[in-house]
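**Student:** In case you want the letters, here they are:
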Amino acid sequence: MLNEPVGVLVIGAGASGAAFAWRIADTGMSVLCLEQGPWMKQQDYPSNGLDWEARGMREFSTSPNVRRLPADYPVNEQDSDISPLMFNAVGGSTILWAAHFPRLTPGDFRVKTEDGVGADWPIDYRTLEPYFALNDRMMGVSGLAGDPAYPYHEPPLQPLPLGRVGNTLASGFERLGWHWWPSDSAVLSQEYEGRAACINVGSCLSGCAQGAKASTDITYWPAAQRKGVQVRTGCRVREITVRADGMADGVLYYDAEGQLQEQKAEIVVLACNGVGTPRLLLNSRSRQHPEGLANSSSLVGKNLMLHPYAVVMGIFEEPLQGRRGPTGCLFWSHEFYRTDRSRGFVRGYSFEAIRSVGPAQTALWGTLHGLVPWGEDHHRAFARLYDHAGMLLCITEDLPDETNTVTLDPELTDAHKIPAPKVTYRLSENSRKMLAHAVERAKEALMAAGAVETVAEPLMREAGWHLMGTARMGRDPRTSVVNEWGQAHDVRNLFIVDGSVFVTDGAVNPTSTIQAFALYVADSIKQKMETLFD
Amino acid sequence: MTETPAALNDLHFMKTLLDLLIPPSASGDLPGAGALGLSAAVATALQADPLLGPPVEAAVQALRETTLSQHPEGLPGMAPQAAVKVVEAQLDPMLIMGILLYLYPAYYQHPRVLEGIGEPPRPPFPEGFDVEATDAELLEKLRARRRA
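One line per chain: the protein sequences are A and B, in this order. Numbering that gives the first Met the number 0 puts the first residue of the first sequence at 0, with every later residue one more than the last. Numbering that gives the first Met the number 0 puts the first residue of the second sequence at 0, with every later residue one more than the last.
Among these hints, one or two may not hold up.
Claimed, not checked - When the alpha-carbon atoms are kept at most 25 Å apart in a straight line, the in silico SDA-like pairs for lysine to any residue are as follows: (1) 140/B / 40/A; (2) 40/A / 137/B; (3) 140/B / 449/A; (4) 40/A / 122/B; (5) 140/B / 334/A; (6) 525/A / 489/A; (7) 442/A / 137/B.
What the hints assert, rightly or not - Across the chosen pairs, the derived CB separations fall in these ranges: (8) 10/B / 414/A: 33 to 39 Å; (9) 40/A / 140/B: 42 to 48 Å; (10) 121/B / 443/A: 35 to 41 Å.
Said to hold, decoys possible - Partial selection, computed: residues in chain B whose CB lies under 8 Å from chain A: (11) 22; (12) 24; (13) 94; (14) 108; (15) 116.
Everything labelled a hint here was simulated from the structure, so no lab data went into it. C-beta atoms are modelled at their ideal positions from N, C-alpha and C, and glycine is treated no differently.
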């Protein structure tokens, strides 16, 4: 029943909100999720039509500032070197992600101990290990067991085929003797749990019409709904409300008709990503929490980490069929993952070998990088590039820095007049050096694989897929926002389960770790239920 | 008196401009963008873009006026080489990129173009594509390095 008080209120139906809601539903408490976006329909995804690339650049763009859909809120990114990206729907950004599914490595949880920078996490890999495995089963992960870069784990499904482009790129790493391993990928290599296997449509980044790519609307949410969890769409939360004692007591939100509603809850859980979560906390000012909710440390919105990316394209003589197959899931390399101070920077990066893009994006990318002109030479230059490219993404570890922030924009608002987030982010000198090193090594790998030419984009602006660090976890309330199991130090019935809690970010995609953490928080709540608010 | 349409809506002018940006291929396998009738789609998309639309529209309008001052039929009447030169001189590369942002997707989704570049003229879904298996030799090497 609408606005009946609930036991657990989850805000956000993306990667973490879905995992948490499914897991906490076992308690028997009533669980409601408010999501500002809609349910997606696979028949509406761009790959159903010839205009799939055009739609992928517009209403299925990863940037909310490009899409400007009713579910989106604007983000002021003028003072950011990297554009924050996200999608707002049931499934959140997993609708448009590449489903590349690495875990943080054990060393990523103890950066301060290992290298004297950043901070250590209050939990370790071993704590999350059972949740990584559970999450792999829920999402449906394909991969090859035994990667020496990780503790042994067995993905539930066989690895995806590398295809000609993957075989070619991997041969370069072999020649150099560098580490590489087929990616763990949340894309089905075979039928699994009623979902069909991948048929290599190649448009993962604008939604998977086949349903082979895991997005939480087709993985966790159906299972959560079978347990009785409710999802209410088109609902944008304005603020979290508090009782006289400062504890959370629910939210005020705008429903799909634009009416302001009040929802009471015993426990409030934030799963709105590293931009949306600090935005909501900062918008939830009260007499008891004048600087925003859960912000006695003044760290809400600080330490934003975005994983700076570079991309290097290799152009090959032979066709690579690179546009066919799961976009982002060939293999990874941790060859340069750990600190080697002789390189001039601390920490490291990984490579992700990815497939190439469709014809329109090939032409645009080629023109932007001076490879494909307009006019008489267009077709010759296009033919040299299209289907002849293999790419390496360089994903670098971004160390926490309090000057990289999410704050409230003094003027910009969303459609409901709620203050919008402003992202301030500048690349550190350490990251610049790391990117430069990575670009040179990527060129080396591509040439070893047989590329005749390489082209680099040394910093990708449209690459802020990973939004982390803005409500970090820790044991000390003075230096963190939530404790080691996601409970806000200041507000004991408020939990955060998204990437905001990351202390450091490793050099791999974060979703697997975010979801494992969300499952762990749900279990921690279950185990501590009787003393939860003591 | 007939009112002159805005340059973006002047289909004859736009056809010529788009054919200059993507001309037909020498082999004839690929049509020119103008000949494919993409002018209206590109104009509509640009006019709906609040950021790119106004500067591109103003620049295209100025281009048409310049070419009309050089030739009674404007751009469509000019020799191709002269037309290319005037486009290069008049349109800032960023504004050309603004046109290409909408032209490329429209062009490279056309069935004739897809066939011309060796792609099947159909949406990616539901048929999908075949992908080669992982090289068995590479897999063997990995298995030898596996962590137990």
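**Student:** Has the given pair, residue 442/A with residue 137/B, been kept, meaning a C-alpha gap of at most 25 Å?
**Tutor:** 21 Å, holds
**Student:** Could you see if the CB distance from residue 121/B to residue 443/A stays within 35 to 41 Å?
**Tutor:** 39 Å, holds
**Student:** Given a hinted range of 33 to 39 Å, is it respected by the beta-carbon distance of residue 10/B and residue 414/A?
**Tutor:** With Cβ atoms ~36 Å apart, the hint holds.
**Student:** Can we keep the residue 22/B interface hint, with Cβ of chain A closer than 8 Å?
**Tutor:** 6 Å, holds
**Student:** Given a hint of 42 to 48 Å, does the C-beta separation of residue 40/A and residue 140/B actually sit inside it?
**Tutor:** 43 Å, holds
**Student:** For the pair supplied as a hint, residue 140/B and residue 449/A, confirm whether the alpha-carbon distance does not exceed 25 Å.
**Tutor:** 20 Å, holds
**Student:** Within 25 Å, alpha carbon to alpha carbon, are residue 40/A and residue 137/B?
**Tutor:** Between residue 40/A and residue 137/B the Cα gap is close to 39 Å, so the pair fails against 25 Å, i.e. violated.
**Student:** With chain A as the partner, please determine if residue 116/B meets the hint condition of a C-beta pair closer than 8 Å.
**Tutor:** Status holds, d = 6 Å.
**Student:** Return the status of the interface hint for residue 94/B: holds when the least beta-carbon distance to chain A is below 8 Å, violated otherwise.
**Tutor:** 12 Å, violated
**Student:** Taken at face value, is the distance from the CA of residue 40/A to the CA of residue 140/B at most 25 Å?
**Tutor:** Not OK: residue 140/B and residue 40/A at ~42 Å, beyond 25 Å, violated.
**Student:** Close enough to count: is the Cβ of residue 24/B nearer than 8 Å to one in chain A?
**Tutor:** 4 Å, holds
**Student:** Against chain A, with CB atoms and a cut of 8 Å, does the hint on residue 108/B hold up?
**Tutor:** Where the cut-off is 8 Å and the nearest Cβ of chain A is about 4 Å from residue 108/B, the hint holds.
In summary, the numbered hints that this structure violates are 1, 2, 13.
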